[in-house]
Every structure is written in C-alpha cells, then in structure tokens.
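*Asks:* Let the sequences and hints guide you as you build the complete structure.
2 protein chains.
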Amino acid sequence: MIEDKNTEKTDLSALGEFGLIEHLTRNLTIKQTSTIKGIGDDAAVLEPGEKKIVVTTDLLVEGVHFDLSYMPLKHLGYKSVIVNLSDVYAMNANATQITVSIAVSNRFPLEALEELYAGIETAAAIYGIDVIGGDTTSSTKGLLISVTAIGEVKTEKITYRNGAKPNDLLVVTGDIGAAYLGLQVLEREKEVFKVNPNNQPDLDAYTYIIERQLKPEARKDIVKLLEDLDVIPTSMIDISDGLSSEILHLCKASNVGCDLYENKLPLDPQVISTAEEFNMDSTTIALSGGEDYELLMTISQDDFPKIKANPNLTVIGFITEESLGAHLVTRAETKIPLQAQGWKNFEN
Amino acid sequence: MIEDKNTEKTDLSALGEFGLIEHLTRNLTIKQTSTIKGIGDDAAVLEPGEKKIVVTTDLLVEGVHFDLSYMPLKHLGYKSVIVNLSDVYAMNANATQITVSIAVSNRFPLEALEELYAGIETAAAIYGIDVIGGDTTSSTKGLLISVTAIGEVKTEKITYRNGAKPNDLLVVTGDIGAAYLGLQVLEREKEVFKVNPNNQPDLDAYTYIIERQLKPEARKDIVKLLEDLDVIPTSMIDISDGLSSEILHLCKASNVGCDLYENKLPLDPQVISTAEEFNMDSTTIALSGGEDYELLMTISQDDFPKIKANPNLTVIGFITEESLGAHLVTRAETKIPLQAQGWKNFEN
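Sequences listed follow chains A and B, in order.
Each residue of the first sequence is one higher than the last, beginning at -18 in this note's numbering.
Each residue of the second sequence is one higher than the last, beginning at -18 in this note's numbering.
Please note that a few of the clues may not be correct.
A pair counts as met if it fits within one copy or between any two copies, since identical chains are not told apart.
Claimed, not checked - Calculated cross-link-like contacts (lysine to aspartate or glutamate; reagent style EDC-like; alpha-carbon spacing at most 20 Å):
#1 K233 / E3
#2 K122 / D48
#3 K316 / E243
#4 K32 / E133
#5 K205 / D156
#6 K12 / E102
#7 K138 / D211
#8 K146 / D283
#9 K196 / D249
#10 K196 / E102
#11 K135 / E28
#12 K146 / E303
#13 K146 / D240
#14 K135 / E31
#15 K289 / D202
#16 K135 / D211
Derived from the structure by calculation, the hints contain no laboratory data.
*Replies:* As structure tokens, this is what we get:
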C-alpha cells in the first residue's frame, strides 16, 4: 500500500553524511523565538528565558513499532514527531523544538529519506516547532528513528503524573481504541494482499480508524483549551499504551485509586462497528489498545463547571483513596480490578 | 576480548518495558540544580534560568560505529555519553543532562544492558551530569544507542564554528591520531584471535592508543581552563572526524582559509611508533583518523600570551583570508590543499 511515485533512486553513498544532512534539512526554517541556533554547529542553542523546559525522547524501530508494508514513509516521519509532542503536551507545555536522528540501511534510496523528512517537516510546520539537530547514519538492517522533543512551560502550569487527589475527576480527551483497530484492519489487508496482490481493498468503512493509526495527531489544542478555560489539571499523562495501563501509571505515581466507568468510555461509531466485525470487545480495545495519543488527566471537582460542556473532554470516572484500588465499573455495575496491558515488545 | 563475569542470564521479556527502565535507572541520582524532574514522567523538567542551553544528539549503531567483539559494553556505554558531551564542550558550554535511548535485540540478556548502563552511569558521575530520560525498546537486530546531551552557557561565552577571523591562531587540545591507531591494533588482534583463539595478545606497547579508542574522554577541563585563562575562542569545534575535515568545517562556516603546519601537529610517541609499525604516515593519521574528541579552536592573537605556556593547548597554524584557501604546510615547506577525509559509513 506504499504509494511510490519516485522513479529516481539515488544511492545514499553518493552524498556522504554531511551532504545528506544538508540535503535533508535544506528546507527547514526557524519559527520559535527561543531557538537561537538550529542545525549546523556542534550543538543547537536555545534561550527559554524564565520558563521551564521539558525534554522527552522516543525511539521507533522498524519491525517493532512500524511495518513499512502499510506505513508510508511520509506518515512514519509525521508519526515519529507526533508521539514525542504528545509527551510534551502531557506536561501541559508548548512544544518548541525537536532533534531527529535516523539510522537507515543502504536498501533505502535517498528518495525514501526525503519522503520521511517530508513527513517530519509537515509535522514541524503544523505544530509550529523547529527541527534543531539530529544525526543520520547507516544501519546494518532496517530503519530506526530517534526523536527528542523540547517544550516550554510556565512553572505554575507544569502538570506531572503525581498530583491526582481523591475525588478529582478522571478526564480523557477525544475518543479511544481507534488506532488499535485501524492496525487490525491494516494487518488483515496485508494478509489479503499476500494471497491476492491484485485485490483492491475497499477501506471506506475504516477511514477514521486507519487515519488514527497511520496519521495520529497530538493534542496541542488541549494545552490551549485548558489555558482558555483557566483549568490546570492536578495530573496528566498521554495515552500511548492502553488507557488502563496509563490510568495505573497515574494512580501509582499519585498514590491514589480510581473508579473508571465502562459506560463513559468515549468510542467512535467506527470503533464499535469494527470491533463487532472482528468479534472483539470494544471496552477491552479501549482499555488495552494504545497509540491513541489522547491525554488522560485529573481535574479538581471545583473545575467541573468549566469543563462540563466541552466536547473535547469526557469525564470517565473519579479518583479514590489508594487503599480502595483501581477498578472498572462495568455496565452491569460490577467492579473489576483494572489490569495493565499494552507494551509487550520484548515478548515477541 | 569481552570480559564476561556474569554467569546469570536474565531474559529481557521477564521485566517488560517499564520494569526494564526502572531496573536500569534505579541507581541514578540528580546532581544538577537545573534538573527539576528527571526520569519518571512524560518528560523531564529543567530550569536553566538566565543561561542559554545547548542541545546535541548522536546515534551509535552496532556494526557501523562499534564492534562488540573488542568493545566491552561498559566502555560502549561510557563512550556513547562522551561523544555527545564533546559536542557540548565544543560550544564552550557545561554539560548538565542527557537522555539515553537504547534499541536492543533479544540476544542481549538483562546483564548485558546492566553493563552498558554501568558505563553510562560512570560517565554521568565523572562528568557530573544527570540522566533525565530515555527509551528502551527491542530491535530486530543488534544494538543501537541514541544520546541527546544538554548543556548550559552564559550568552557571552557561546562559541560557534563561524567566528574565526584572519590572523587568529589555530589551536588544538591534547594530541591526535591515537584513537584511529588504537582501532587498527584492535582490528589486527581480532584477526589474530580468529586464527588462534588461544593466543594471548601482548598489548603493553599500545595501552595509550587502545584506551583512546575504547575509553575516550571529553574535554570538560578545557571549558574550565578557558574560563580560568579568561579566553573566549573566536570559534570552536570538536574533532570527531579527522582534523582536516573539522578544520574545513570551521573554515567554511567562518568564510576563512588557514595554514596548518605539519611539524606542529601534537602526536603521542605511541602514535609515531605504531604508525611506523603499520607502515602508515603519522601525519595522514592525524589529519584523517578521527574519534579523538579533542577540541579545535581559533584564538585571537591578543590572547596568545594567555595560552602560550599551557601544555593542553598547541598552536598548529593560523587563519587566513578565504581566498587563500586551506593548506597544509609540510615539513619540506611546500603547501598542499587540505582535503576532507573521515566519515564514509554509507560507502561500506
């Protein structure tokens, strides 16, 4: 399913390391006032002023985190930025800069790296961040992308994982479970393609969930929304693994328990219909799916009037004393302990 | 030549991602006052105050940048930090924090990663920096380490590559060429080992050059020395590739030329004797070897009295007008144009 319009193939060795970096970064412009010096010296130089800065990093590995047989390189570049920005926004900070390092085997021509960089540049442009550095090197096998993201935040707005208090509301942005189901559809089509390469898949019924997998967005808008609503969450975390795993991280860091209501989980209609088609339980998918890059936060009851009418925010439960544990309250009103699922890469 | 004292082998899947990160980072302590929050949230939080911060990143790939048949994992962890700190010091900045991301295949047991981390921790302790984040994930093949380093510097002290002016002195720290020759000795011993695994190599004559390859140091001391001497270089760059490649970077960035004197190149006696043994030209090695992690800088003539007696600093030439080009002045007093060698990984 990779769209390949390039007929030209340029060998990476034709450029060498410095030529390659210069070539790939030639279109980058500086947008942030805090970026004093970007690419081109031993290090980039930043001036955050009185704000605090946040730093986060993530590694994406071919064959582990992505499959190039259905992930176009441009989307991959875009997604590699998004997963890092999501961590910055989860601190209630504004993302300002990234560095991007790429290890790539000789099987990739220059044009493939240009596609990847086009996705990175698109994300940088849309989210208003500067690409200030990086490294491009060869690998013995496959493609690997390492991104470090930097953001700025006023001290009083920083939101950690450990600030949740009993009676706080548990709130999630957007909807969840779609990215995981999108991946199931793509995996199924890959198997179909292996059997019949001429088959033209009809994916109209899955456009939303596939886009959530291939081109996720980070919730920059939520940081602004919270500012506009004059709400500082008591804690916040991004949902890169499944919801239950992230809730448990937050409860552990804050020394609290929680009650999560199954009937409050925000699910897109495509998630419900596709889960039925795959004979899967949509609640399980929402709890364990991962890769939604939504934000999970806790908000003081006092702030409820400010958020209650907002379509971006759904109250899905509330925080309890630690001794009460973390539970899912099912539609049948029974309580079952929340269990972490999610990341299991080393078991593959 | 890897020393393996571990008889226990723990499978990585026994811990999972979060358990693995917690396990590997359990001994880390925070030393820098600017580190507000280290590992354990969506992002680390820093408070650089009125200083500017510098950011640099480097990727080390097994089979490209290192060979585990003679590079012990602890040394590799140490070196992966050093190569990044060197870039920070090349900005005349103090290194303060790093993030470390590791992709590793299942063939490595937990104990191997512990060795790697022990080297990272040793470097962090010696150089007084905080490990504030990272990512540990599986790879389909081999080991890859991505480090991002952060430093702090007062605005007036930042030293870029582009400030060299005609008549400035070209100055290098320490001595050069040793790391490359150390690699040649290790490669030779690896071939001997393949033929006769019972051979006990006698490496006494090569201790310095092997240490320069396996356990390089970054010149933190030079940043302090320059402060003590009250000297701010007009430009600076670290020597990760060969000297000639770095001189050409500096000349290009500053729009200047230079005369470099062959008879001024600082060479260790082991470099001279080992180069003879390998029937190689020591000047070529000094110019093209790389991995020395020394600093190359230009200094105003006015500052010459401050540096002339210092054993850490060697004047190796001077800056000229751009139109005159960059040249090596040989012992025979002939001028030949400097050529970039160095990094050629994509050609392998």
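*Asks:* With 20 Å as the alpha-carbon cut-off, assign the pair K138 and D211 to within, between, both or neither.
*Replies:* within (10 Å within a copy, 40 Å between copies)
*Asks:* Checking an output row: K12 and E102, CA cutoff 20 Å. Within, between, both or neither?
*Replies:* Classified as within: same-chain Cα gap 12 Å, cross-chain 36 Å, threshold 20 Å.
*Asks:* At most 20 Å between C-alpha atoms: does K122 with D48 qualify within a copy, between copies, both, or neither?
*Replies:* both (14 Å within a copy, 15 Å between copies)
*Asks:* When no copy is named, should K146 and D240 be tagged within, between, both, or neither for a Cα gap of at most 20 Å?
*Replies:* For K146 and D240, the Cα distance is within 20 Å only inside one copy (13 Å; across copies 67 Å).
*Asks:* Classify it for me, K196 with D249: is the Cα-Cα distance of at most 20 Å met within a copy, between copies, both or neither?
*Replies:* Close inside one copy (16 Å), not across copies (54 Å); limit 20 Å.
*Asks:* Cα distance capped at 20 Å. Does K289 pair with D202 within a copy, between copies, both, or neither?
*Replies:* Result: close within a single copy only, 17 Å intra versus 57 Å inter.
*Asks:* Can you tell me if K146 and E303 fall within 20 Å by alpha carbon in one copy, between copies, both or neither?
*Replies:* within (10 Å within a copy, 65 Å between copies)
*Asks:* Given identical chains, is K316 near E243, meaning Cα to Cα at most 20 Å, within a copy, between copies, both, or neither?
*Replies:* Close inside one copy (10 Å), not across copies (79 Å); limit 20 Å.
*Asks:* Treating 20 Å as the Cα threshold, decide for K135 and E31: within, between, both or neither.
*Replies:* both (8 Å within a copy, 15 Å between copies)
*Asks:* Could you place K233 and E3 in one of the four classes (within, between, both, neither) given a Cα distance threshold of 20 Å?
*Replies:* For K233 and E3, the Cα distance is within 20 Å only across copies (14 Å; inside one copy 45 Å).
*Asks:* Indicate which option fits the pair K205, D156 if close means a Cα-Cα distance not exceeding 20 Å: within, between, both or neither.
*Replies:* within (19 Å within a copy, 53 Å between copies)
*Asks:* Measure nothing new, just compare the shortest in-copy and cross-copy C-alpha distances for K135 and E28 to 20 Å and report within, between, both or neither.
*Replies:* Both, since 14 Å and 10 Å are each at most 20 Å.
Going down the numbered hints, you'll see the structure goes against none, and every one checks out.
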